[in-house]
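Model the full assembly from the supplied sequences, consistent with the hints where possible.
Residue numbers (UniProt numbering), protein chains in the order written: chain V, 1 to 203; chain P, 1 to 443.
Source of the hints: derived by calculation from the structure; they are not laboratory data.
Each residue gets a CB set at the ideal place from its N, CA and C atoms; glycine is no exception.
All the given hints hold, so there is nothing to weed out.
Listed next, with one range per pair, are the computed distances between beta-carbon atoms:
1) P:Gln375 <-> V:Ala138: 42 to 52 Å
2) P:Arg397 <-> V:Asn113: 28 to 38 Å
3) V:Ser112 <-> P:Arg252: 53 to 63 Å
Over the 10 Å line for every Cβ pair with chain P, so calculated as not near, a few chain V residues:
4) Phe34
5) Glu56
6) Arg98
7) Pro101
8) Ile124
9) Ser133
10) Gln135
11) Phe140
12) Tyr147
13) Tyr148
14) Leu164
15) Asp165
16) Ser172
17) Gln176
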Amino acid sequence: MSMEDYDFLFKIVLIGNAGVGKTCLVRRFTQGLFPPGQGATIGVDFMIKTVEINGEKVKLQIWDTAGQERFRSITQSYYRSANALILTYDITCEESFRCLPEWLREIEQYASNKVITVLVGNKIDLADKREVSQQRAAEFSEAQDMYYLETSAKESDNVEKLFLDLACRLISEARQNTLVNNVASPLPGEGKSISYLTCCNFN
Amino acid sequence: MASDTGRKQFWKRSGAKVPGSIQHVYGAQHPPFDPLLHGSLIKTSSKPPTTPVKLKKVSTFQEFESNTSDAWDLGDDDDELLAIAAENLNTEVVMETAHKVIQNHSKLQEQHKLQEEQLQEEKQVESSEVSSVAYVDNRLVKSVSEGHTSSSSDNASENSSMQRSQSLPQTSTPPLASGVDHSTSVTSALTEREASRLDKFKQLLAGPNTNLEELRKLSWSGIPKQVRPIAWKLLSGYLPANVDRRESTLQRKRKEYFAFVEQYYDSRNDESHQDTYRQIHIDIPRMSPEVLRLQPKVTEIFERILFIWAIRHPASGYVQGINDLVTPFFVVFVCEYMEDDEVENFDVSSLPEEVLQNIEADSYWCMSKLLDGIQDNYTFAQPGIQKKVKMLEELVRRIDEQVHRHLDQHEVKYLQFAFRWMNNLLMREVPLRCTIRLWDTYQ
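The following block contains the structure:
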C-alpha cells in the first residue's frame with residue numbers, strides 16, 4: 001500500500017489529565033469502539049485514520065498520550081511536531097478542568113506556536129454528575145483563544161465532528177500558509193473551492 | 001519461516017528446534033479462515049522454493065498473527081486438526097509433521113511459549129509501523145483468527161476475541177495452572193516428564209537450605225503450578241532459603257504489612273497523598289483481566305497494596321503501569337487456594353478472610369522485591385526505561401538489521417512502541433499466563 005495516498009497529513013496530539021477519556025475519544029473516532037476498562041495509556045500510543053473532506057484524502061495521525069505527570073518527559077516530545085492539540089478534560093471532574101492552565105503552560109513551552117488547540121469537555125453522557133458548566137468552559141476557551149466542544153466518547157456525541165472540524169481547520173490553515181508563504185508548488189487540490197463552513201456541516 | 005530461523009534461535013535458549021514448524025499448520029488450518037491469511041500460510045507451509053524472500057517478508061505480519069492465534073488455544077484436538085490440515089495440504093507432509101508434533105508435544109510446549117513471546121514482541125514492532133491500512137487489516141485478521149480458535153475450544157462461550165488476550169484466568173485456566181495441562185492432548189510421557197520435574201522442584205524446596213541458584217536454573221524452563229507460589233517467594237528474596245525460618249518470616253512480614261496498612265492507609269485522603277490515591281483509584285477499575293477488576297474485594301486489595309507501596313517509595317511514587325505488576329503475584333498466590341475448575345471464575349470471596357490477607361501481604365512483598373530492582377524505571381524521567389529501550393534498539397540493530405532499518409526508514413522510534421513493554425514488563429503485550437511463565441525466569 002502506498003504511504004503517500006493522501007492529500008494532507010496532520011498530526012493531532014491529545015493531552016489532558018488521566019482518566020478524562022482521551023483514549024476513548026481516539027478509539028471511538030478511529031475504530032468506532034467504546035471498550036470499557038481499557039488500561040491506562042502508558043507513554044504514548046497512536047492511531048491513524050484517513051478521512052475524505054470535499055473529495056480530498058486527509059490522513060490524521062493521532063497521538064494519544066498518558067495523562068500522568070510521570071510520563072510528561074515522554075509525551076512532551078510529541079508536542080513539537082503536532083499540527084493540532086486536543087486538550088481534554090472531564091466535565092464530571094472539576095480537578096481535570098482546574099489543571100487546564102498547567103496544560104496550557106506545557107503547550108506554550110513545548111508546542112509549535114502555530115499549533116491549533118481545541119478544548120474538549122468529555123463525558124457529557126454523565127450529565128447528572130457534571131461539575132464544570134458549559135458556560136465556564138466556553139468563557140475559558142474564549143479567553144485562551146481555543147475552539148471548544150463537548151463530547152461523549154461513550155455515546156459517540158460530537159466525536160466525528162471534533163476530528164473532522166479540526167481536519168477542516170487544519171486544511172484551511174495549511175492553504176493560508178501556502179498562500180502567505182507564496183510557495184511555488186501549490187498543495188494538491190489547490191483551487192478547489194473549500195470553506196470551513198461548507199465542509200463541516202455533516203452533523 | 002526458514003529465513004527466520006536464525007532470529008528465533010537467538011531467543012530460544014533451550015532445546016533443539018523440532019523439525020517442521022508445526023504451528024503454521026495448526027494456525028493456518030482453523031476453518032473458515034481469511035483468504036488472505038490462507039494464501040500466505042499455504043505459501044509458507046508448503047514452501048515453494050521459488051518464493052522470493054521479499055515476498056515472504058511482506059506476509060510476515062500475517063504469519064505472526066496466525067501463528068500466535070492458535071497459541072492460546074486450550075482444547076486442541078489433534079485428530080480434528082489433522083483432518084482439517086489434511087484437506088488443505090499435502091497429506092503426507094502434514095501427517096509426517098503432525099506425528100512429530102505429537103511425539104514432541106512436551107518439548108514443544110516450552111518452545112511454543114518462547115516463540116509466542118517472540119512473535120508477540122515482533123508483532124508489536126510491526127504494528128507500530130505508521131500505516132493505517134495495515135493496522136486495520138491486522139486487527140481484522142487477528143479477531144477473525146482468534147474467533148475461530150476460540151470456537152473450537154471447549155470454553156468457547158467464555159471467549160470473545162478481546163477477552164482472549166485481556167482476561168486471562170477465564171480463557172486460559174489450564175495453562176495458567178501449569179502451562180501444560182492441555183487436557184485433551186496430555187500424553188503419558190508428558191505427565192511423567194511433568195511429574196519428574198515437579199519432583200525435582202520439591203526436592204530442591206524441601207531444604208534444609210534451598211539452593212537458589214539451582215532453583216533459578218530449574219525455573220528457567222518453567223515452574224510447575226503446584227510449587228510456583230513458594231518458588232516465586234523464594235526467588236524474589238521474600239522467603240529465606242532456610243526451611244526452618246520460612247514460617248516465622250512469613251508471619252513477621254505479614255504482620256509488618258498490615259501494620260503499614262494501619263499506619264498509612266487512612267492518610268489516603270490527606271492532601272499530601274490524595275493525588276496518589278486518586279490516580280490508583282482511577283487505574284484499578286480499568287485494569288486487566290476483567291475477572292479481577294469486577295470483584296470489589298480484589299480492587300480494595302490492589303488499592304491498598306499500591307498505595308502502601310507508593311508512599312513507602314516516594315522517589316518514584318505510584319506510576320501508571322505498576323498496578324499491572326501486582327496482578328501476576330496475586331493470581332499465582334490465589335491459585336494456590338483454588339481448585340482448577342474454580343480458577344475460571346476466580347471468585348476470591350470464596351476464600352477465608354485470613355487466607356486473603358496472607359495473599360495480600362505476600363503479593364505486596366513480592367512486588368516490592370521486584371520493584372526494588374527496577375525502581376529507576378519509575379523515578380523522574382524514567383531513566384531505567386530509557387536505558388532499556390536503548391539496549392533493545394542496540395540489540396535489534398545487531399541481530400536484525402533489516403527490522404532496524406525498516407523502523408528507521410519509517411521514522412518509528414523504539415520509545416514509541418517499546419516504552420510500554422518496559423514500563424509494564426510486557427503485561428499489556430502478552431496474555432497473563434504467558435507473563436506468569438515469563439516471570440518464572442525473571443526472579
